[in-house]
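Engineer: Make a model of the complete structure from these sequences and hints.
2 protein chains.
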Amino acid sequence: MNNKGLLVIISGPSGAGKGTVVSELIKNKSYALSTSITTRQAREGEIDGIHYFFRGTEEFKKMVEKNELLEYAEFCGNYYGTPMFYVEEQLQQGKNVILEIEVQGALQVKERYKEAILIFLTPPNISELRSRLENRATETLEKINMRMKRAREEIKLIDKYDYIVINKIVEEAVDSINKIVESEKMSAQRHIDLINTFLEGVE
Amino acid sequence: MNNKGLLVIISGPSGAGKGTVVSELIKNKSYALSTSITTRQAREGEIDGIHYFFRGTEEFKKMVEKNELLEYAEFCGNYYGTPMFYVEEQLQQGKNVILEIEVQGALQVKERYKEAILIFLTPPNISELRSRLENRATETLEKINMRMKRAREEIKLIDKYDYIVINKIVEEAVDSINKIVESEKMSAQRHIDLINTFLEGVE
Chain A
299 MNNKGLLVII SGPSGAGKGT VVSELIKNKS YALSTSITTR QAREGEIDGI HYFFRGTEEF
359 KKMVEKNELL EYAEFCGNYY GTPMFYVEEQ LQQGKNVILE IEVQGALQVK ERYKEAILIF
419 LTPPNISELR SRLENRATET LEKINMRMKR AREEIKLIDK YDYIVINKIV EEAVDSINKI
479 VESEKMSAQR HIDLINTFLE GVE
Chain B
299 MNNKGLLVII SGPSGAGKGT VVSELIKNKS YALSTSITTR QAREGEIDGI HYFFRGTEEF
359 KKMVEKNELL EYAEFCGNYY GTPMFYVEEQ LQQGKNVILE IEVQGALQVK ERYKEAILIF
419 LTPPNISELR SRLENRATET LEKINMRMKR AREEIKLIDK YDYIVINKIV EEAVDSINKI
479 VESEKMSAQR HIDLINTFLE GVE
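These protein sequences, in sequence, are chains A and B. Start counting the first sequence at 299; every next residue gets the next number (the numbering used here). Start counting the second sequence at 299; every next residue gets the next number (the numbering used here).
These aren't lab readings, by the way, just hints derived from the structure by calculation.
Just so you know, same-sequence chains aren't split out, so a pair can sit in one copy or run between any two.
Here are the simulated DSSO-like pairs of lysine-lysine, each with C-alpha atoms no more than 30 Å apart in a straight line:
1) K327 - K483
2) K483 - K447
3) K393 - K302
4) K454 - K302
5) K327 - K302
6) K458 - K447
7) K466 - K325
8) K483 - K466
9) K412 - K316
Just so we're clear, the structure is a prediction, and the values are computed from it rather than from any experiment.
Structural biologist: Structural data, given as structure tokens:
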């Protein structure tokens, strides 16, 4: 079979538990987390190539021009993006690359890289989402309302996704994502090479 | 979530081990085997509605005209077909209906019922296929050559399938099919209703 890894995009409203699910997933050695490139200054303890690839604004803009980023965005005056080279390198090594990213970025990536699997991770229901956000002691009410508004916008894009995983119990959500990845690896579309081998074998 | 079952079509060359895989699969109570309708005489011990639905040729032809069969074929002067009513009934009860069928029939069903999952079950390689057929003491060389020719024709249609499952070890093939079914149940396309509920919830 084709041993190239899959690009797995995990997205969904904040409060859906993406961080927890992703950190569980990558305990499995067949997964690798995508590393972003940023123009912001490295903070203490942050290592280039591990936490981020730290690059200058000029270089970043050149990568954008040359189409070398799967997606990018500006945030507080700094640029952040997903470099194609790193993702491609991991995929070639047979790793499934996980990209945890907000919805707009996820759709950008899918546009650029059609083979990516888009997974929408969601809490069991919307009231649950609010209560999860409220339980984060650090959030102000204003911030919660802002996040809820954003969640509404994001959920409207749900039909652009390939899969919906309901995160009720973390272990089950992780198990579901594993099943999706294993199932996708058996997809006929991903095995044009295998099909060709078969066809040569029977001619 | 949507609790309707999925129609799972298992096809592939003879010698791929379809029968063994299917009989293992249906030990799981979430699966039901599709029952065919036929115009041939019931043999001793065959029960109407269990082994087949036995119907007259007139009635069968009417069902064809009314588009009530997912597929049908003639074999040795008798008609065989897959009645929609039975499949639909099982799906509504939440059962995943398995249809073990030859390739041409499988493609007919997919044409009629787009939501069906088409799984191509194949031996690990073509030489293996020949040796499996040769190990069936009952087969003449002529029959083996005929089956190999047919396998070649069938493999040429493999790109019409959704998934390819390589049947090296039966338990693993069964496990793979289970994963495909569970994964498909999380497909966003199958959850238009869930998406609508979400959207209503956030409006």
